[in-house]
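Asks: This is what each chain is made of:
There are 2 protein chains.
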Amino acid sequence: MNDIIRERLARLRAWMARHRLDYCLFPTADFHNSEYVADFFKAREYFCGFTGSNGTLVVSNDWAGMWTDGRYFIQAEKEMAGTGVTLFRMADEGVPTINEYLKAHMRPGETLSFDGRVLSARLGLGLEEDLLPNGIRITYDTDPAEGAWPDRPALPCHDLFLVEDELAGASAADKLAQVREKMKEAGADRHLLSGLDDICWLLNIRGGDVACSPVALCHAWITDDRVILFIQEEEVTPEAGACLDGIGVERMPYGAITGFLDTCDLHGHTVLYDRERMSYALMKKLQTQAEKTGGQWVEEQDPTKLLKAVKNETELTHIRQVYLRDSAVLTRFLWWVKTNAGKIPMDEYSAALKLDAMRAELPGFIELSFPTISAYGANAAMMHYEATEADHADIRAEGMYLVDSGGTYRGGTTDVTRTLVLGPVSEEVKRHFTAVTAGMLRLANGRFLQGCTGRNLDILARGPVWDLDIDYKCGTGHGIGYMLNVHEGPQSIRWRRIKDETEAELLPGMIVSDEPGVYIEGSHGIRTENILEVVSGSKNDDGQFLGFRMLTWVPIDLDGIDPQLLEPRERKWLNDYHAEVCKRISPFIEEEEIREWLKEATRAI
Amino acid sequence: MNDIIRERLARLRAWMARHRLDYCLFPTADFHNSEYVADFFKAREYFCGFTGSNGTLVVSNDWAGMWTDGRYFIQAEKEMAGTGVTLFRMADEGVPTINEYLKAHMRPGETLSFDGRVLSARLGLGLEEDLLPNGIRITYDTDPAEGAWPDRPALPCHDLFLVEDELAGASAADKLAQVREKMKEAGADRHLLSGLDDICWLLNIRGGDVACSPVALCHAWITDDRVILFIQEEEVTPEAGACLDGIGVERMPYGAITGFLDTCDLHGHTVLYDRERMSYALMKKLQTQAEKTGGQWVEEQDPTKLLKAVKNETELTHIRQVYLRDSAVLTRFLWWVKTNAGKIPMDEYSAALKLDAMRAELPGFIELSFPTISAYGANAAMMHYEATEADHADIRAEGMYLVDSGGTYRGGTTDVTRTLVLGPVSEEVKRHFTAVTAGMLRLANGRFLQGCTGRNLDILARGPVWDLDIDYKCGTGHGIGYMLNVHEGPQSIRWRRIKDETEAELLPGMIVSDEPGVYIEGSHGIRTENILEVVSGSKNDDGQFLGFRMLTWVPIDLDGIDPQLLEPRERKWLNDYHAEVCKRISPFIEEEEIREWLKEATRAI
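Chains as they are written, first to last, in my numbering: chain A, 1424 to 2028; chain B, 1424 to 2028.
Chain A extracted, bound-state conformation:
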């Protein structure tokens, strides 16, 4: 593999030399700043071998570096070994950011090139700010991958499908009215929307253009009385077409967005867009056109972002039901692994396939919400490890096995992690396992005033791990879409401040993951992840109190717990949770044997 990467980089450098480009930058995004992207957009992976969901590659004529976050340090090191690409561990002490690196290494007159369509406006503006004053040139209107990726996959193109109002809880017309209200509040009468999940949520449509994310490639232009959807016409089934026509959505070809913006008369109009979800190229085009025709723009968070994050009652009802079924499937799978490990042949890859197949049988199953992480032993220390047919470990009756998985169903998107103890484990491992469990429970049982953001709450989950002088290098939790992306903002549970990022208050109806962990490189990895719904508590003169309700109902392996290390309240939380797991999940399990096991697995300690 490493030779292949070196060959690809050589081809890229030859292309760069022909075009007199000194540095090329490849982020991980499509034209919509999506987290998961179609193969067409995987240039970063193509040129460095790193397959994780977050990373940026920078290539010069004699050097290449790749920046990724703590979830992927171990994986990236492994995947890029021998490629000559240097790993930059983001947020580690002394590690420069991409901008800092470029600022320090690029000389005046040199040119940085990237495809402006796959870089977010915010990042592009950041590069402008840091590099232009040093006399560095930026070109963003050609795609460096284009010239050096001969066998590049085509743009994906799959059929749209509809989310009926009974499933959505609100019609597209209602949602449009809400968005137009927010546009008005922002002083805008035009809105360019590029986030795929935002557009799909808004119009109650779904697609199949991105793996693990039921969305279609599209842009939307919204005015007081018009909606134009830029989409590949081949994707629009007769049914979807009729529905879009019915709510007055006009259609133009996907690629026509640039021409549309080039000729758009913005005189007297104000366009709302979100730097975070808009590509640098589209933003530049929009601003140029506004300046040319006498229009204005206002940058704000896409109104859809918060609207879709706060789930409505219909969505919540479906989600709760979907999580029950999904939890039952995982419980059956855990029983199977726990009972059979060491007795029958079993490996990370085959186990994942088995779990994926079990999920696929559930009613309303659409696809996995992300590639199943099935990690045995030391592999579990890689937060986003993916076992492959070619490269995986056997699962044996010793150590631990971590499985992080989820599905998207008609009625919700799930995400859940459990770590199984398959043989005797050390006191140290139990200390880690118990701390992770305690952290998950402390956050899930947290009570707080409305106004809190995830930064206020993170320490509830992370505290027990920090008490052991250990950190996990990622957030504690993320929002989750409804039949949409498994990672969805604006809310999150994390402790670090991210520059320029707005912190979103937690609001009733939001759902977030709660997934503390311990990851010891080369040894073991433990993560326990439940999904929580934010619910209202009492309201008094001090304000509106909030708390969480569990959505996930899967046993936590008691073989990993040292009860002596739990506080009484934590033990009570665990026992109460397990009692509920048994009560709620048993009805979904037909086999007496598994029901008996579940009873034992959820016993009070």
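Possibly wrong hints are sitting among the right ones.
Treat identical chains as interchangeable: a pair holds within one or across any two.
Keeping only pairs whose Cα atoms sit at most 20 Å apart, straight-line, the calculated SDA-like set for lysine to any residue is [claimed, not checked]: (1) 1853 to 1992; (2) 1501 to 1515; (3) 1962 to 1514; (4) 1896 to 1519; (5) 1962 to 1516; (6) 1962 to 1890; (7) 1526 to 1561; (8) 1962 to 1919; (9) 1922 to 1873; (10) 1922 to 1724.
None of these hints come from the bench; they were simulated from the model.
Starting from the structure of chain A, add chain B where the hints point.
Replies: Then chain B, alone, in the frame of chain A:
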């Protein structure tokens, strides 16, 4: 009192009418945005009667409103009863900010007037931004108080005194070198410093111009090779003068700062200043002059702010010693109240006088660090209640008594709160008392990664209170100066985001208060406050872990604790703390009787 206030307001309104001013605004600050201010600056108190340390009064020709924060809601209501001034409870749901109120009520062409010298640059700019677009005029060059406050006190003028290097741990020359280094980093070669504690810290001087804060009124102008101190010459004793001369500090009269800025040639120079600590008037003057003479400016936090917040080893050594002695005094006082309440006549005021006198006998005592809060029964629900000779409650052998007090000594500034149980209390009160104690201990025993700010940690202290559906409407903790202000930034422990405010990371050597509370209006108030020193824990690949070390060693009244409501680890923390209190404080107590009581008061539960 209310008639007096009404009369004063009438006089003010007559003056406003003569000068055609529609609204006047009185913040709580001196020319240096100090928290505690000399009597000369107490215009807000003069015109509305509210004596708290934070509040802004707005007066129109037929209306007046006063904004203050949650610590003062009860007190302000009481003090302003009958004055006709409306109380605005800041941060309460639906309560407009001052700017929102003015924006909604002032009409185009109307004029808002305030003394630009007593409003921070940030607040002044905020008013500009919100009001100027609406056609509202702002005048800031006359002092509205001047015309309507005939018997106004004079500017204070007290002798300077010196802090020897052995006490400061760093010479003024060393500190100046550090500040100049930071100026360079900020790209500045001029620095206007207006924060009194910052200047006193920098030059190792102290003064007596502000009650409870050993500082002198002054400004400082710092260049690469000059320091000009603007100060009342009468304050400069021969000794102080010789010392300042010795380190090359030039002197100009206090009031000369405006003239100096008016004639200063800034061509080719860049001035650093801090919006938070600079008056609106001086900032305007500086910017005008820079524009006129071709200079630049850069707004950043005063470099002194962070430098003085991180205490050096010498300071910490003195602080630890000072806190021991101060804790011993408070312990003796608590014994006296606890033993004598109900037996001898005792009231809030006389008790405070007694405690203040006991502190005054300690070696190196300079002054109280703030007016002692001595509050019995329901009065303790007012967070910053101050009993007076004329208005105070008796202390009886029932309910609870709260005392929050501190001193400034040569060697440190202290702050400590304890709540005593003086008779039988309800289960509810015990629940509150125990939660407050648990919260204080949870924060004090917190372990966290460097990079955390108080917003990450606040929930440790507040969580047990929130678990009861109760909030305390203030931060959990503040930084503390060294022989300086009892409230000192930049660090704090609080959960709410404050717009535009930088969140400061906690760093080893910082000290912060840890003071959760429960305040039930009309019933009771409980607060337990220890001061903590931030200390380094282990450092590994995950980062630098930090924790706290206690500085305060005073028993927490076990009569308020229900041991059943404490988790085992909390009980252990309490017992360990009490064992240390007994060990550390006993040597400072001569009387056998009190030592015996202390032993009992710090028994393990």
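Asks: Quick one: residue 1526 to residue 1561, C-alpha cut-off 20 Å, is that within a copy, between copies, both, or neither?
Replies: Within one copy, since 13 Å is at most 20 Å while 43 Å is not.
Asks: Between copies, within a copy, both or neither: which fits residue 1922 and residue 1724 at Cα up to 20 Å?
Replies: both (15 Å within a copy, 17 Å between copies)
Asks: Is it within, between, both or neither when you check residue 1962 against residue 1514 at 20 Å Cα-Cα?
Replies: Cα proximity of residue 1962 and residue 1514: across copies only (16 Å, versus 39 Å in one copy).
Asks: Within a copy, between copies, both or neither: where do residue 1501 and residue 1515 come within 20 Å Cα-Cα?
Replies: Only inside one copy: residue 1501 and residue 1515 sit 18 Å apart there, 53 Å across copies, limit 20 Å.
Asks: Classify it for me, residue 1962 with residue 1919: is the Cα-Cα distance of at most 20 Å met within a copy, between copies, both or neither?
Replies: between (29 Å within a copy, 18 Å between copies)
Asks: Can you give me the call for residue 1922 and residue 1873, within, between, both or neither, at a CA distance of at most 20 Å?
Replies: This pair counts as between: shortest inter-copy Cα distance 17 Å, intra-copy 23 Å.
Asks: Is it within a copy, between copies, both, or neither that the alpha carbon of residue 1962 lies no farther than 20 Å from that of residue 1516?
Replies: Answer is between: at 12 Å across copies they meet the 20 Å cutoff, but 43 Å inside does not.
Asks: Treating 20 Å as the Cα threshold, decide for residue 1962 and residue 1890: within, between, both or neither.
Replies: between (33 Å within a copy, 13 Å between copies)
Asks: Is it within a copy, between copies, both, or neither that the alpha carbon of residue 1896 lies no farther than 20 Å from that of residue 1519?
Replies: Answer is within; shortest intra-copy Cα gap is 17 Å, inter-copy 40 Å.
Asks: Within a copy, between copies, both or neither: which one fits residue 1853 and residue 1992 at a CA-CA cutoff of 20 Å?
Replies: For residue 1853 and residue 1992, both the intra-copy (19 Å) and inter-copy (19 Å) Cα distances are at most 20 Å.
Checked against the numbered hints above, the structure breaks none of them.
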